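J.: Letter by letter, the chains look like this.
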Amino acid sequence: MGTDRFTPGDRVRTRATDPAGHTRLPRYARGAAGVVVERAGRHPLADDRAHGLSPQPQAVYHVQFPAAELFGAGDHTVTVELWEDYLTPIEESS
Amino acid sequence: MSRINDVGGMAGFPAIIEEPDEPPFHSDWEAHVFALNGALIKRGVYNLDEFRDAQERLPVERYLAASYYERWFAAITTLLAEKGVADAAELELPHGH
Amino acid sequence: MSGDHSSSVISAEVRHVEALLEARGLLDAGEIDTRIDEFLAGGTPANGARIVARAWVDPGFAARLLADANAAIREVGLSMAGGLQEQRLKVVANTEQQHNVVVCTLCSCYPIALLGPSPSWYKSEAYRSRVVRDPRGVLAEFGLELPAGTSIAVWDASAESRYMVLPRRPEGTGSLSEEELAALVTRKGLIGTAAV
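Residue numbers (numbering that gives the first Met the number 0), protein chains in the order written: chain G, 0 to 93; chain H, 0 to 96; chain Y, 0 to 195.
Derived from the structure by calculation, the hints contain no laboratory data.
Check the hints yourself; a few may be wrong.
[What the hints assert, rightly or not] DSBU-like cross-link-like pairs, simulated, lysine-lysine; straight-line CA separation at most 30 Å: (1) H/Lys41 <-> H/Lys82; (2) H/Lys82 <-> Y/Lys122; (3) H/Lys41 <-> Y/Lys122.
Predicted model only: the values in this text are computed from it and were never measured.
Please take these sequences and the hints and turn them into a complete structure.
T.: Structural data, given as structure tokens:
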């Protein structure tokens with residue numbers, strides 16, 4: 000098994016694409032910028048398991064988003080649990 | 000394509016209704032559907048994500064008209080047919096019922 | 000149990016499928032009844048209440064619960080292993096500054112091995128669609144008016160973890176026993192749609 004790509008504190012962006020099949024990346028959280036707050040173990044990707052496959056486990060993370068990033072309004076946060084495949088790093092600009 | 004189950008943030012659903020002293024199941028058949036799904040997953044007939052996928056693939060009108068455990072039962076029979084356990088006609092009640 | 004026409008039709012359909020599966024060797028006679036009995040004898044909100052009360056009286060336990068809930072609940076004889084496999088439990092603590100509320104927007108994920116079946120409102124599109132977007136409004140409908148200065152954290156159970164809220168210990172309960180404290184905790188408190 001590979002090493003986890005992200006550590007708590009990392010800023011990430013979720014995948015924006017709309018897959019044809021089963022996924023566990025909710026529509027409201029697509030293409031959004033958030034922060035990894037905690038690791039949540041390693042599990043086979045649900046999108047692949049829904050096709051009857053048994054892929055290698057990959058890291059899963061709790062990723063926190065400000066409501067305004069998701070909905071354009073709101074002062075709360077939403078934390079979604081996301082597979083590594085759904086996430087890309089946001090490079091900090093200096 | 001976003002599916003009918005993916006409702007986070009959507010507008011237009013009715014008010015949230017609490018049922019006082021709600022029982023675990025509202026009918027015996029609901030408990031049977033719950034247990035049947037667990038038995039089939041445990042036997043490896045299908046996995047949990049295939050089960051969720053089968054609910055999400057139901058025709059939207061049927062999905063929205065169905066109760067929670069009606070969706071479960073529709074997903075179970077869909078998967079039993081797709082996995083070749085039984086054909087669709089065998090899964091239906093014999094005529095006369 | 001209801002016995003209207005549509006219910007009797009689907010009851011017959013379910014029995015028919017069970018008989019078919021038994022005939023094909025995919026289901027044992029009595030297996031369904033055994034599974035139902037085991038499930039109904041398993042998880043209950045009282046388990047969550049016991050965990051909460053222990054956390055209120057034992058700060059060390061509370062710290063262990065927030066760090067590794069699966070290990071901590073074994074100290075009180077509970078586990079998340081009652082379902083198909085042991086699931087990870089994440090406990091989120093309410094504070095004066097932050098209130099937590101749990102949802103599964105994609106389906107109905109809930110720690111049933113520990114807490115038993117979830118209420119119908121938790122599984123409803125109405126709750127799942129709205130609580131991620133307007134949690135303060137949804138909580139107000141449940142009768143929970145939070146101070147403006149209390150922030151809200153919504154947790155969407157979208158993958159493998161299951162969540163439980165650790166409510167704040169109510170004021171004026173200093174003289175209560177652990178059992179009496181547990182009796183104060185409700186299922187809605189464990190989900191986050193009630194204060195306790």
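J.: If a hint holds in the structure, say so; if it doesn't, say that too.
T.: Results for each hint:
1. H/Lys41 <-> H/Lys82: 15 Å, holds
2. H/Lys82 <-> Y/Lys122: Holds - the C-alpha atoms of Y/Lys122 and H/Lys82 are around 28 Å apart, at most 30 Å.
3. H/Lys41 <-> Y/Lys122: 23 Å, holds
Every hint from the earlier list agrees with this structure, and none is contradicted.
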